[in-house]
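S.K.: Sequence:
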Amino acid sequence: MVFKGRCVFAGGSPFNDVLLNVSGKEVHFQPGQCNNSYIFPGVGLAITLCQIRPVLQELFVIAAECLADQVDEKDLDVGRVFPPLRDIRNVSLAIAVHVAKYAYSKGICHYEPQPKDIELYLSQKMYDPNYLPVMPDVYDWPLGVTDAVS
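FYI, in this note's numbering the residues of the sequence shown are 895 to 1044.
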């Protein structure tokens, strides 16, 4: 094997885990997924809620640096170059916080006054895909109603 198990890889789509023989030892790798799902939710959250204008290129550099900081040794040990996608909400919030703080420091946020706790402000406004039940799971059904239909 030319690369001896060393490779930086991230695909645009999910890949199955890979088991490689590296120097006679089986090594487990988890290929990373690299797409806009990591950067844009956090950047968009900060831009929208802090009313950032103009949207500077540096905001994306801040977002990329924040994303890189969220990769730990455990991720690197299994070949991941991004945090697991299952952590996307936390990743997005961290990116939004970093982008918002940078934008406030540059004076390009038009949401005033600046929230005292930017992380709390952003987290309370994040979309939550989990809906609370609005109807009971079990309904009381009057006895005899279906008898009339039969």
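Calculated directly from the structure, the hints in this document are not laboratory data. Quick reminder that beta carbons are idealized off the backbone N, C-alpha and C, glycines included. Some hints could be false.
Ranges between beta-carbon positions, derived for each pair [unchecked claim]:
id, residue 1, residue 2, range
1, 1035, 910, 45 to 55 Å
2, 929, 1021, 32 to 42 Å
3, 1030, 952, 49 to 59 Å
4, 1036, 928, 49 to 59 Å
5, 908, 958, 13 to 23 Å
Okay, derived cross-link-like pairs now, DSSO-like style, lysine-lysine, Cα gap no bigger than 30 Å in a straight line [stated by the list, open to error]:
id, residue 1, residue 2
6, 1000, 968
7, 1010, 995
8, 919, 968
9, 1000, 1019
10, 968, 1010
11, 1000, 1010
S.K.: Hints first: check each against the structure and report whether it holds.
M.R.: Consistency of the hints with the structure:
The hint said 45 to 55 Å for the Cβ distance between residue 1035 and residue 910, and at roughly 47 Å that hint holds. Distance hint check for residue 929 and residue 1021: the Cβ-Cβ separation is about 19 Å, which falls outside the suggested range of 32 to 42 Å. Between residue 1030 and residue 952 the Cβ separation comes to about 51 Å, which falls inside the hinted range of 49 to 59 Å. At roughly 57 Å, the beta carbons of residue 1036 and residue 928 sit within the given window of 49 to 59 Å.
For the pair residue 908 and residue 958, the supplied restraint of 13 to 23 Å holds, since their beta-carbon distance comes to about 21 Å. Distance check on the hinted pair: residue 1000 and residue 968 sit about 35 Å apart at the alpha-carbon level, beyond 30 Å; violated. For the hint pairing residue 1010 with residue 995, the CA-to-CA distance comes to about 11 Å; that is within 30 Å, so the pair holds. For the suggested pair residue 919 and residue 968, the alpha carbons sit about 19 Å apart, so the restraint of at most 30 Å is met.
Between residue 1000 and residue 1019 the CA atoms are separated by roughly 23 Å; this keeps the pair inside 30 Å, and the hint holds. For the proposed pair residue 968 and residue 1010, the alpha carbon gap of about 34 Å is over 30 Å, so the pair is violated. Simply put, residue 1000 and residue 1010 have alpha-carbon atoms about 17 Å apart, close enough for the 30 Å limit, and the pair holds.
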